[in-house]
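Visitor: The residues making up each chain are set out below.
Number of protein chains: 2
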Amino acid sequence: MARRSVGAELPFIGSLSRSQGQLGRQLAQALRNAVKRGDLKPGELLPSSRVLANSLNVARGVVTEAYEQLVAEGVLESRAKAGTRVSRALGNESTREVTRPMSEATQPKALPRSVAHYEKVADEFSPLPHVPFTISVPVNQTVPEDIWRRIGNRVRARGPGAPAGYDHQQGAEVLREEIADYVRRSRSVHCSANQIVVTSGIQQALYLCCKILLDVGDSVWVEDPAYRGLTAILEHSVPGTNMVPIPVDDEGMDVNVGIEIAKSAKAAFVTPSHQYPLGMPLSMSRRNALLAWAREANAWIVEDDYDSELRYAGHPFPSLQGLDPSRVIYLGTFSKILFPSLRLGYAIVPKGLEKAFCGARALMDRHPPSADQHVLAAFMKEGHLDRHIRKIRGVYAERRLQLTSLIKSAIPSSLAWLQPSDQGMHLILWITTGIDDKMLAKAALEQGVAARAVSTMYASKSNRSGLVLGLGDFSDEQIAYGVNVLAKLILGAHSKK
Amino acid sequence: MARRSVGAELPFIGSLSRSQGQLGRQLAQALRNAVKRGDLKPGELLPSSRVLANSLNVARGVVTEAYEQLVAEGVLESRAKAGTRVSRALGNESTREVTRPMSEATQPKALPRSVAHYEKVADEFSPLPHVPFTISVPVNQTVPEDIWRRIGNRVRARGPGAPAGYDHQQGAEVLREEIADYVRRSRSVHCSANQIVVTSGIQQALYLCCKILLDVGDSVWVEDPAYRGLTAILEHSVPGTNMVPIPVDDEGMDVNVGIEIAKSAKAAFVTPSHQYPLGMPLSMSRRNALLAWAREANAWIVEDDYDSELRYAGHPFPSLQGLDPSRVIYLGTFSKILFPSLRLGYAIVPKGLEKAFCGARALMDRHPPSADQHVLAAFMKEGHLDRHIRKIRGVYAERRLQLTSLIKSAIPSSLAWLQPSDQGMHLILWITTGIDDKMLAKAALEQGVAARAVSTMYASKSNRSGLVLGLGDFSDEQIAYGVNVLAKLILGAHSKK
Numbered sequence: 005m006a007r008r009s010v011g012a013e014l015p016f017i018g019s020l021s022r023s024q025g026q027l028g029r030q031l032a033q034a035l036r037n038a039v040k041r042g043d044l045k046p047g048e049l050l051p052s053s054r055v056l057a058n059s060l061n062v063a064r065g066v067v068t069e070a071y072e073q074l075v076a077e078g079v080l081e082s083r084a085k086a087g088t089r090v091s092r093a094l095g096n097e098s099t100r101e102v103t104r105p106m107s108e109a110t111q112p113k114a115l116p117r118s119v120a121h122y123e124k125v126a127d128e129f130s131p132l133p134h135v136p137f138t139i140s141v142p143v144n145q146t147v148p149e150d151i152w153r154r155i156g157n158r159v160r161a162r163g164p165g166a167p168a169g170y171d172h173q174q175g176a177e178v179l180r181e182e183i184a185d186y187v188r189r190s191r192s193v194h195c196s197a198n199q200i201v202v203t204s205g206i207q208q209a210l211y212l213c214c215k216i217l218l219d220v221g222d223s224v225w226v227e228d229p230a231y232r233g234l235t236a237i238l239e240h241s242v243p244g245t246n247m248v249p250i251p252v253d254d255e256g257m258d259v260n261v262g263i264e265i266a267k268s269a270k271a272a273f274v275t276p277s278h279q280y281p282l283g284m285p286l287s288m289s290r291r292n293a294l295l296a297w298a299r300e301a302n303a304w305i306v307e308d309d310y311d312s313e314l315r316y317a318g319h320p321f322p323s324l325q326g327l328d329p330s331r332v333i334y335l336g337t338f339s340k341i342l343f344p345s346l347r348l349g350y351a352i353v354p355k356g357l358e359k360a361f362c363g364a365r366a367l368m369d370r371h372p373p374s375a376d377q378h379v380l381a382a383f384m385k386e387g388h389l390d391r392h393i394r395k396i397r398g399v400y401a402e403r404r405l406q407l408t409s410l411i412k413s414a415i416p417s418s419l420a421w422l423q424p425s426d427q428g429m430h431l432i433l434w435i436t437t438g439i440d441d442k443m444l445a446k447a448a449l450e451q452g453v454a455a456r457a458v459s460t461m462y463a464s465k466s467n468r469s470g471l472v473l474g475l476g477d478f479s480d481e482q483i484a485y486g487v488n489v490l491a492k493l494i495l496g497a498h499s500k501k
Numbered sequence: 005m006a007r008r009s010v011g012a013e014l015p016f017i018g019s020l021s022r023s024q025g026q027l028g029r030q031l032a033q034a035l036r037n038a039v040k041r042g043d044l045k046p047g048e049l050l051p052s053s054r055v056l057a058n059s060l061n062v063a064r065g066v067v068t069e070a071y072e073q074l075v076a077e078g079v080l081e082s083r084a085k086a087g088t089r090v091s092r093a094l095g096n097e098s099t100r101e102v103t104r105p106m107s108e109a110t111q112p113k114a115l116p117r118s119v120a121h122y123e124k125v126a127d128e129f130s131p132l133p134h135v136p137f138t139i140s141v142p143v144n145q146t147v148p149e150d151i152w153r154r155i156g157n158r159v160r161a162r163g164p165g166a167p168a169g170y171d172h173q174q175g176a177e178v179l180r181e182e183i184a185d186y187v188r189r190s191r192s193v194h195c196s197a198n199q200i201v202v203t204s205g206i207q208q209a210l211y212l213c214c215k216i217l218l219d220v221g222d223s224v225w226v227e228d229p230a231y232r233g234l235t236a237i238l239e240h241s242v243p244g245t246n247m248v249p250i251p252v253d254d255e256g257m258d259v260n261v262g263i264e265i266a267k268s269a270k271a272a273f274v275t276p277s278h279q280y281p282l283g284m285p286l287s288m289s290r291r292n293a294l295l296a297w298a299r300e301a302n303a304w305i306v307e308d309d310y311d312s313e314l315r316y317a318g319h320p321f322p323s324l325q326g327l328d329p330s331r332v333i334y335l336g337t338f339s340k341i342l343f344p345s346l347r348l349g350y351a352i353v354p355k356g357l358e359k360a361f362c363g364a365r366a367l368m369d370r371h372p373p374s375a376d377q378h379v380l381a382a383f384m385k386e387g388h389l390d391r392h393i394r395k396i397r398g399v400y401a402e403r404r405l406q407l408t409s410l411i412k413s414a415i416p417s418s419l420a421w422l423q424p425s426d427q428g429m430h431l432i433l434w435i436t437t438g439i440d441d442k443m444l445a446k447a448a449l450e451q452g453v454a455a456r457a458v459s460t461m462y463a464s465k466s467n468r469s470g471l472v473l474g475l476g477d478f479s480d481e482q483i484a485y486g487v488n489v490l491a492k493l494i495l496g497a498h499s500k501k
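Those protein sequence lines, which keep their order, are chains X and F. Going letter by letter, the first sequence gives residues 5 to 501 in my numbering. Going letter by letter, the second sequence gives residues 5 to 501 in my numbering.
Just so you know, the hints here were simulated from the structure itself, not pulled from any lab data. Heads up, some of the hints might be wrong.
Since the list gives no way to pick one copy over another, a pair counts as held whenever it fits inside one copy or between any two copies.
[Said to hold, decoys possible] As a list, the in silico SDA-like pairs of lysine to any residue whose alpha-carbon atoms are at most 25 Å apart:
no.	residue 1	residue 2
1	K492	P133
2	K446	S464
3	K442	T68
4	K40	T436
Please model the entire structure based on the sequences and the hints provided.
Guide: Now the structure itself:
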């Protein structure tokens with residue numbers, strides 16, 4: 005039962021009409037309606053007659069008259085020092101009317117065209133529960149809990165993390181300095197802090213790239229299969245552009261096919277470190293071919309480097325950005341190496357584009373929230389991010405091995421097999437043709453096991469069937485249970501074929 | 005001087021080519037280039053020869069050969085237990101080359117068409133310094149500091165505010181419940197928590213409304229003058245729509261003019277509680293006329309209620325949403341009543357549009373950061389927001405009176421006069437024609453006094469000149485200084501006319 009005061013103002017009253025006289029009765033009727041409609045809840049404290057009369061600009065007697073009438077009716081209750089409240093007894097009445105005002109019953113409106121599209125997107129992006137094999141769930145050792153929290157408390161207590169006014173669109177300079185240093189050391193990315201725009205994760209960075217780089221009529225290369233967070237933007241949010249899916253093979257995006265079918269595209273979106281979702285890196289010769297094409301076509305390359313920190317073997321290729329900083333927009337995120345609910349990532353843009361990114365971002369949401377940017381900057385400056393990455397690399401490497409060996413022993417390799425990959429936070433489990441990965445994902449979810457279907461990430465209807473299995477620091481039991489559920493479902497589906 | 009390790013991987017090395025032989029020399033050359041280009045900074049620790057050899061898949065001797073060569077050259081330095089570092093002495097050399105790689109010098113690219121537009125927006129939205137009369141700067145008593153921080157520390161320490169995985173697009177349910185209760189009590193808004201989408205302030209909510217409600221060819225009413233955060237979206241980010249500016253008079257947006265010139269518009273964006281920037285409320289008869297038109301035209305109304313909490317006199321009109329919840333999208337924000345750097349606001353949408361808003365939002369940035377949503381929910385649940393609003397209302401009322409009387413005594417009313425208004429966090433100071441408000445704002449900023457020019461908020465070139473003066477809990481001295489600077493500038497500009 006609500007106990008809070010409704011404040012001095014009762015906006016639902018609207019205005020009382022002097023010309024109609026009987027102000028006390030008008031007010032009583034307005035309050036009666038408000039209780040009926042649920043504008044006022046049982047137990048809620050009304051303003052004193054003096055305060056309300058003042059606010060309504062009527063004599064105090066008008067308000068006391070209305071209050072007394074309603075107390076008599078049992079709608080309000082009044083006690084000496086406790087003031088006047090909506091009768092608490094009304095909370096128990098099963099007969100209490102809770103219908104909405106009449107006007108809500110006006111005829112249903114024709115919905116805008118975009119609604120159906122965005123509803124589909126909402127379903128597709130609806131978050132998976134935090135169970136195996138949902139990607140990037142910080143649990144156990146992968147949570148940066150204690151240090152993160154201590155730094156947070158400190159940075160919020162004084163100075164940069166404290167409540168503040170509107171801030172710069174580009175993000176906090178201290179954080180941009182740390183990011184510039186970090187990507188130089190870890191990814192050979194060449195930039196100054198001025199070229200960095202702090203974003204709400206890679207999703208916002210992709211959106212900004214689409215809005216800024218593409219115009220009506222422009223073609224754009226995307227990988228096939230691709231991250232749906234990108235292709236869903238291109239399908240509807242940047243009208244008039246022409247998305248060209250380029251097939252992916254063992255060396256990543258097949259640049260020659262791109263040149264064959266859409267040589268004059270304005271941009272190419274790639275995940276060169278770890279193709280999403282399949283997991284292979286873009287080979288060195290393809291990197292060179294892609295950059296050569298971009299120079300020739302005067303095109304932009306958007307390098308989505310969402311999880312390159314998590315390598316378990318081998319030597320990384322240099323980033324595309326490091327090879328040609330003038331035409332590559334490099335995107336990174338802290339969702340994978342720290343935690344997704346932080347919503348912090350970054351775009352590193354060629355000189356000359358910085359300000360346009362700031363302007364486009366200002367229109368989307370002004371600027372990133374300030375406090376966590378300063379917490380993150382301090383976390384990086386004090387070396388905790390480097391340590392945290394070293395730690396989770398070990399954890400994920402172990403979880404990966406464990407998952408791999410459990411799958412191999414539980415499911416015959418003729419029915420399901422893992423895509424080779426030596427990095428990242430997810431694995432692809434290919435399923436034999438004839439078993440629908442979407443049905444499989446749905447059935448697994450009903451048993452508390454989460455996975456995304458690979459077929460939904462292909463541009464055209466694909467007959468490839470597979471599941472994206474995310475790594476998290478889930479317990480041995482959870483992982484074993486998850487594999488067991490998948491194995492049963494796959495074996496069951498196969499026997500029914 | 006950098007002291008951090010560069011990690012086990014040196015991505016800038018690329019791959020060594022066995023066919024070219026002399027792997028040690030190749031590696032030495034790659035490291036030499038990396039130091040030259042700044043990929044490796046003076047003092048940075050290199051991986052051990054064992055780790056690097058492993059990562060590059062070469063014999064350990066290859067790495068030790070390269071390291072020894074570079075130590076001999078003075079590029080690296082090596083100490084028994086401290087490992088091998090980039091020579092610290094290089095940090096002092098003024099001759100150190102810092103040029104970027106060759107490739108950056110490729111011919112300048114033709115910039116996308118949108119760049120010029122977004123650059124202009126970036127300038128316009130560039131935040132004002134936190135001095136009088138910048139709007140919504142939390143200082144002194146208007147900062148919710150202690151309680152906010154204590155709740156934050158608690159909520160982050162366990163449960164809902166701790167690091168987490170991907171979350172729902174719509175925002176945390178506990179916060180949506182609190183908002184539903186709050187807008188019912190304070191604004192007579194009718195909704196369930198399911199109809200609320202938590203956004204990054206009103207800016208993101210406006211962007212979502214534009215993307216979802218409008219289609220190519222649609223007309224849309226906006227106030228004239230209007231909030232630039234809205235009109236700038238319509239100018240470029242929603243291509244193909246037709247923005248129709250509707251003049252504002254003493255009763256707010258002139259609905260009859262709208263019906264005359266664009267009867268079949270698909271939506272109207274209004275600030276009915278406190279017209280932005282001018283400050284008058286939309287009269288009750290205009291509210292009714294607007295709703296009647298919307299029903300007739302089957303149009304949506306977007307009610308931007310950015311600062312209605314801050315009333316200093318009189319009784320508020322009921323919200324448009326409360327009068328017809330089926331066709332009004334109601335927008336609110338915590339930027340004004342708490343602080344802007346929090347970046348939390350909300351859209352309350354008619355039933356049937358909830359999911360589309362979630363989908364469109366998912367493409368922009370997935371979901372709002374989680375922790376602060378839970379902090380805010382607890383802050384509201386425990387009654388602190390109500391108390392904070394009561395407190396800042398008093399503070400702003402006092403600051404408002406003080407500013408008003410200082411202005412009246414310092415500037416002759418023939419040269420500058422205040423727009424009557426009884427609410428909000430800003431005042432409009434009209435300036436006599438012939439004095440350019442943009443020049444005035446620029447000159448004031450040079451003396452540490454911030455104000456936005458009203459003329460920039462009109463759709464057409466207006467000859468009205470005025471300044472938006474934001475309220476904050478600035479000190480008496482700061483306010484007096486600010487008024488003094490404005491008075492001198494206005495008197496000076498007048499004498500030069």
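Visitor: Could you run down the list of hints and mark each one as holding or not?
Guide: Hint-by-hint comparison with the structure:
1. K492 - P133: within (21 Å within a copy, 62 Å between copies)
2. K446 - S464: within (21 Å within a copy, 55 Å between copies)
3. K442 - T68: neither (65 Å within a copy, 52 Å between copies)
4. K40 - T436: So K40 and T436 fail the 25 Å test inside a copy (60 Å) and across (52 Å) alike.
The earlier numbered hints that this structure contradicts are 3 and 4.
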